[in-house]
Amino acid sequence: MDIWSWVYESHAKLSENGNEKLADYMDSLPSDTVNSEHDKLDNYVKEAIELARQEGLNWVELFLRHWYLQSKILHRHEPKDMIKEAVSLLEFSSRDDNRDCPQSTCVVQDLASCYGIFDGPGYVEERLAVASESLQKINPNWPCYSCIAAEYADALYDAKRFDECLTFLKKIDQDYVDAGLAKDTSGLLLTKVQVFAVTSQSEKARKLVKNVSSWSGGSSFSLSVTMTKAFIEVHDQQYQKALELLPTFDEAKESPVEFHMWAEIRYHCILNLSEIQNADNIQQLHELALDMERRGVYRQTFDVFGWVIELIKFCKSSQSDISVPDILAKMTKLKSLLNKDLGATERIEELSCL
Amino acid sequence: MTTEIRQTEVNLDGLLEVLGENLYSTPIVSIRELIQNAHDACVRRRMETDWDDNPVIHIQTDWANKKIEITDNGSGLTKQEIISYLATIGSGYTRVLRQTTQTEDAVGYFGLGFLTAYVVADKVEFITTSYQDEKQAWRFVSKGGQRYQLEATTPSKIGSTVVLHLKDAFEDLAETEFIHAIIKKYCCLLPIDIYLNAGLDDADDEPVNRIEVPWRLPHECPELRRQKSSLAFAQIFDNSFEPLVTFPIVGTQECPVNGLLWIQDGAHYATSDNRVTTIFIRSMHITDECKLLLPRWAGFVGCVIDTPLLKPTASRESVQEDEGFEQIRELINTILVEALTKTAQESGPIWRRISSRHNESLLGAAISDQQLFDAMHRQLSLPTSEGDLKIDEILQRSNHKEIRLSLDNQGGYEQLISKSLGIPIVYGYRYAVTSFCRLLAKVMDVQLLTLGTSDGNEAFFASHAIDPEIEADLQTHFHIENTKIVISNFQPACLPLIQIFDQDAILKKRIESDKLDKHIGSATMMLARSFTEQLDVTCESYLYINYGNDLIKDFHQLDATQKSILANTLMTITQLLTGHQSSSTVTSRSINNDNIKMLESLNENLVKLVKGI
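Those protein sequences? They're chains W and X, same order as listed.
Letter by letter, the first sequence follows residues 8 to 361 of our numbering.
Letter by letter, the second sequence follows residues 695 to 1307 of our numbering.
Note that these hints are calculated values from the structure, not bench results.
Ideal Cβ positions, reconstructed from N, Cα and C, are used throughout, including at glycine.
Among the hints, erroneous ones may be present.
[Said to hold, decoys possible] Restraint ranges, calculated between C-beta atoms of paired labels, are given here: (1) W/297 <-> X/1206: 28 to 38 Å; (2) X/1039 <-> W/344: 48 to 58 Å; (3) W/357 <-> X/699: 51 to 61 Å.
Use the sequences and the hints to build the structure in full.
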């Protein structure tokens, strides 16, 4: 099923029928999403959905609501506010008239991503099951095959089941080849690079990251690639190089999906580079964590708060005025929101003793 | 081990090919560069001699023979200068001139301009007589630029002529109208007159580039003429829209820039980005492709600037985004906001024309620019159930209490109630309206009431305390399964009951029904249900009983049979008005003024019936 050919056809039909405004919105929404033009799309998405409803165009409504969820969940990491809409859209997509909409499969990813962002490692089995049953319904000819496969691979990555993740990615590559298509060079390859980076195979990672590209990923994907390059270096203990590659705090702040990785790279760099061991740099991580917490990102925020405490204790001379007991209290609250403990209790105890 | 120092070697053929094919994006640049060389030759002659004649550039096109000639009466070149500058890539005399005289009048930079000739021409001729040796002229000829012929020729007037024998692909450059448009647009700021085909029968003997530049008009120029001239000037640079109004860009000592901003006359979607920008550096055209110069929200604005502050890149088709660029961007943003604010505050016909075309865009713009929001939040209109209204009108009609915002176009009780009270409902689903209203509520310290949400319902149907016995009686007779009864007191009084479904309850019911299991995978359903299980749902719907309604007020005085009949009748009417389940939400049926009249009549008759009149 070629979703995009349906999109192009719908766009043409809407224009022909005088619904140019809706056609224009339909055209803009995916590109604004991947290019991080979220403020811009917030201005028109409600109107677009309402126009589709007025025309009784359920499939177009489904398409618009799905892409809005992509913007809010995948890019802006706001699962807390959006999970109800993800569930509602799932129900909408399953209605008799909407079930055959090419975009209906993608709605599953919106829901699974919410849980992945709440607590990626804590919902591994659920995410694997959801992705697995969705993959069984589609094939590599569907553009969403790579998205759903990415969800599966990310779940394995979150579970630190790296060998299994590589095997899975190899299988997906083969699926594409068997279908007479080119292997994915975007999100799936990026996950493969990250697996190599964290399993001490930095040379492989460096080589492979050069092949990563995406025709539809926009500026947000370019940022992910840059972040991954810094990630490779930090896992190879090349802290200075990682720091040079890492986007600035202001750039990172624009992209919530990258907060966790940015914080992780920065945490290692601060630990290892004395010249950046200061209160301001620790404060930046703290600021990101508070923002992540507001958005409903539980597990990753828990991680970042932990790094902040470590850095405060490690860089005693930094004279940070962040209150460690306050962070510990926040971590305890976050722990209660996690689906599985997975060492969270121990981590709080360990940090309390520092 | 010995260290060798060696000279890097250059493959000239390859380098020329790369520069020629890749440095410049469009053949128009060739003409621009050669005119600029001619200009700089005139500047040089004036700087180095006591020459006081008018500098002039003549361009002759010969479409039949695919030929263009560009002639100037500038300094000309000696034989040695031809070898050192014309035939040496990356070396231009303009740089020498700038270094020795500190002049800012010359516009050349990199000594690459002549190279562009080879992009468009198979053969390039350059005939020149230098002011340093008027008795000797030289003719330079090259095909492709790699090798050249240089010979003495018959002396002519001081100056130079470049002859381009165009490649087939670029023969359009010899088309008079095409060249005319190029000169008009790209050379309009050059202080040297440029003539096209002067002396020929069908030629215009006025200089093509003699155009009134608004910021060069004398101070005493009447305002009306200045405006007319600005509109005409702006039109040269905007291919898509007519300019509606222009605003001058006046720089500062720290940020020297002159220019013009204009608002486009076309109404287009607020999401459209039709920004057009043209940058001149010291009167030389650089680029038409630099949208970043204008704020992102200004999709309906055009701009042209001339500044010495920016630095061109090597191709001179773009500018370096350095500190100077940022300074100019900020200045333009400020000027644009101030100009729009002033126009809006004066609220004259110009503002009416701007807002009738760009109100939506300006709502979006105001959200992203605090300065703009502060300046014009009272001037912009919001789409409401009562037509487009400004915020002060909206607040006036709602007793300065609140902004009522609807997130969909489904009608409903809130609309009915608001209509009956004459309170406008702002259509929050329209472009940028919700975000704009959120900011408005904050700045103006008023409540933002979103219809269809639990907060909205609580505000609309506030609980009303009555005698507990009467309340119990109403609760008994109007009981509906899974429905919470709330005694309230709301307008219009003719409406005795309102039933509103709980959106969370509906979602929960649908997700938890077996029907979905057939169509959605079990793992996915499990995740969805783990969410709906946590929803705090106490009932499926709310029945608001209006104690302001006469039938309800007198209900407790009726006998048991009457109560039963009246309750059933009112519930049936309510159900008729309530509860179709739309594609995504459940709302009441759309209620219009006719429904209100019918309700009033029905209510009146029922009162008569109950009272036995």
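Results for each hint:
{"no.": "1", "hint": "W/297 <-> X/1206: 28 to 38 Å", "result": "35 Å, holds"}
{"no.": "2", "hint": "X/1039 <-> W/344: 48 to 58 Å", "result": "50 Å, holds"}
{"no.": "3", "hint": "W/357 <-> X/699: 51 to 61 Å", "result": "60 Å, holds"}
Hint violations for this structure: none, all hints satisfied.
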